[in-house]
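Novice: Just so we're aligned, residue 1 is where the sequence shown starts under the numbering used here, counting upward by one.
There could be a bad hint or two in this list.
[Stated by the list, open to error] In the DSS-like style, the derived pairs of lysine-lysine whose C-alpha atoms are separated by at most 25 Å in a straight line are:
1. Lys93 / Lys236
2. Lys74 / Lys93
3. Lys221 / Lys236
It should be emphasised that the hints constitute simulated quantities derived from the structure, not laboratory data. Since we're looking at a predicted model, the values are computed, not measured.
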Amino acid sequence: MPAGPAPTWGLVATILAPPQEILRFAAYHLEAGAHRLHIYLDAPSPEAEARLSAHPKIRVTTCDASYWKQRSGKPPVKHQVRQSMNATHAYAKGPGVDWLIHMDVDEFLVSDPPVAAILGALPADQMISRVRPMEALAGAEGHYKAFIPPGPARTRIVEDIYPTFGRYVKGGFLSHLAGKIFIRTGLSDLRLQIHNAFQNGEMLSGPEQQAGIDVAHHHAKDWEQWLAAYRYRLQKGSYRAELGNPAQTGGMTLHQLFQTLEAERGEAGLRAFYDEVCAGTPALRERLARHGLHRRADLQLDACVARHFLG
């Protein structure tokens with residue numbers, strides 16, 4: 001029996017970023033085969049909106065005061081809540097694809113074989129596909145650290161790669177380990193959150209890691225960019241106080257570690273952490289490779305923009 005057509009897939013993203021970053025994100029995923037992009041602009045961006053809206057596969061929503069008045073009366077304070085509400089909104093209104101994933105503007109799907117082929121090979125009764133992250137090495141374009149699956153060896157591996165700070169950094173990642181999920185469309189009473197999905201109030205489950213595909217997460221481009229984002233992340237983002245389990249991270253959460261480093265050593269303490277855990281030095285790449293955790297990917301973001309938005 002001949003194989004049926006490959007499934008279509010798309011993404012939803014709530015974005016607050018410069019126009020060129022938004023275009024790179026969109027163009028890359030169009031190049032990767034996305035059939036539909038649902039872009040929610042967290043603040044008005046006329047330049048980005050005009051460029052995106054002109055593309056037939058992109059649907060743009062500007063989340064201004066009138067949008068939130070219709071949705072919830074006023075915009076939720078936390079950006080994580082706004083992201084989840086918009087993702088659920090895109091799913092519920094009919095996203096026009098067979099599979100939908102929530103992404104951030106600094107995340108890029110890297111797959112071999114193509115995304116559609118991976119999704120098309122999944123069992124018909126599998127509702128979600130979890131894509132684990134690989135984290136970009138700062139200052140070393142195209143180099144990434146791979147996800148380490150949970151297990152008894154993870155702590156030992158992380159502490160070998162990061163001898164000073166590894167015990168405080170779960171999985172060796174500054175950003176999330178949960179990854180993102182593709183979810184089949186058409187399910188009723190579905191709430192899509194940043195890393196999970198719930199139907200009728202119950203979290204949907206599936207295999208813990210989809211082979212052949214990663215989320216390339218560009219958490220830190222360089223020292224200056226990391227430091228500029230640090231204060232916000234410490235208070236409201238991925239380093240905030242309520243995240244992390246001290247029992248799993250050397251007795252301190254990442255938030256507590258950063259506060260301690262600042263109190264004791266100031267910016268020099270933060271730089272020491274960055275140099276060991278984030279910076280893509282030859283020494284770090286060698287330690288990652290020793291454990292089979294060094295990855296390469298050439299995303300060619302500007303070339304994608306030229307093909308999809310400048311042609």
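Novice: Determine for every hint whether it applies to the structure shown.
Specialist: Here's how the hints hold up against the structure:
no. : hint            : verdict
1   : Lys93 / Lys236  : 29 Å, violated
2   : Lys74 / Lys93   : 20 Å, holds
3   : Lys221 / Lys236 : 20 Å, holds
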